[in-house]
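Novice: Each chain, written out:
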Amino acid sequence: MTAVEVLLPGSLADLAGGERHLRVDAGGGTLRDVLDGLDAAHPVLGRRIRDEAGAIRRFVNVYVDGDDVRFAGGLGTAVPEGATVQVLPSVAGG
Amino acid sequence: MTDLLAIGTRKGLFLARSDDDRRTWTLDGPHLLAQEVAAVAVDTRRARPRLLAGIQYGHWGPTVMRSDDLGGTWEETESGAIRFPEGTGAALARVWQLRPDTAERPDVVWAGCEPHSLWRSSDGGANFELVRGLWDHPHRPTWEPGAGGGAVHTVLPDPASDRVTVAMSTGGVYVSEDGAEKWQPRNQGISAVFLPEPPPEYGQCVHKVAVDAAGPDRMYAQNHFGVFRTDDGGASWTSIAEGLPADFGFPVVASPSTPGTAWVVPLVADVQRVPPGGRLRVHRTRDAGATWAEVGAGLPDASWTAVVRDAACADEGDPTGLYVGTRDGCVYASRDEGDTFTTVAAHLPDVLVLRAARLP
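Protein sequences, first through last, are from chains F and A. Straight run, no breaks: the first sequence in this note's numbering ends on number 94. Straight run, no breaks: the second sequence in this note's numbering ends on number 360.
You can trust all of the hints, since none of them are fake.
Covered stretches of chain F (chain A as the covering partner; in silico rule of three or more C-beta atoms under 8 Å from a C-beta of chain A):
(1) 44 to 50
(2) 55 to 62
(3) 82 to 92
Below, in silico cross-link-like pairs of lysine to any residue (SDA-like), each with a Cα-Cα straight-line distance of 20 Å or less:
(4) K11(A) x F59(F)
(5) K11(A) x V91(F)
(6) K11(A) x P89(F)
(7) K11(A) x S90(F)
(8) K11(A) x L33(A)
(9) K182(A) x S161(A)
(10) K182(A) x R120(A)
(11) K182(A) x G133(A)
(12) K11(A) x S11(F)
Please keep in mind that the hints were generated in silico from the structure rather than gathered at the bench. If you're wondering where the values come from, they're calculated on a predicted model, not measured in any experiment. Using N, Cα and C, we set each Cβ at its ideal position, and we do this for glycine too.
Could you put together the complete structure from these sequences and hints?
Specialist: Set out below in structure tokens:
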């Protein structure tokens, strides 16, 4: 297993059993694989991050080792073993 | 007997209850705090009434929540109650309408959604199936989004037949006579001021449609300018706006028990979405739109707010109760068909949807 750390905002922790730090199998080594693994373990959490077409929701930002994946490889961004994937809500709403 | 008023707002759901035939109300909530509740239904066909709420987390997407204990606890379907099938390339943006069907179809619930789509549940709202007949309609690519987004916002299943009527902004009115398989546009006579003359077969921005108590062939439409009535199930529409102070607005509500009785809440115009003169009032017809009367003692003056398309509803009481909610977070209730109103709530977030139900 190629493990990476997924860091969740507090508002999503309830959907992962109260945990904000998760160890997830990186599978084939891309962000898509990590999020697929997250979906399988926590389907409701997965739907908060991505829509049913597989796209990261508009006001959700995902960082791999601090880099916003929207400006990297999107879902194809490489996630090497030991990397940290952080999920954050963007500045939006009111 | 308890009257329940479900109040969906931009930041959560509130529930008002009355145990004295709608004279006084107690407010409970917020439920689903910080979630936009744009659609709500109280399904009284079940042994335990079920609340359904179409919600939008600020960042985390839309879904349908359900409660079988009047808001005490909420459930959501793990995989999502409404999810576009693979191959459509679409993703649910917002749930605009949740509509339980008749008691003879006890587990059927309809949902109207953005992007323009109609959904049918046969398990009480836990799982919905995309209505392919409308999704695959050749007109769909030309249905433009209105200012609020492109959606099926009105779903009217006929309790006595297989007819289903929907209304869309934009798109207009479409009707199926075979249980939602095949669909035809029915907009003849409805104007479209944002398009060149003559009005098209479809593409109108119909804001809301309500069915008269006389039967399913008579319906009222509040249009993006214009108020119309059909007496033939939508085949043709005629203007009934004469006598109103303005023909713009969003809701139209029909009494479920008194034929010919309906209400609208006029706004000045699309570029002035405020009540005429800043006086929030409803206008009532008793003769299917031939004449209108301003009513609403107890509604505020100096009110520069608006009532959105689902923020008005009627109840099953006798006489019919009427409810109005505003974008500035006030909710008003009338137990005399709109003659007088009392304030149920104030200072809530923007009221998006009201639904009333009588509980045993």
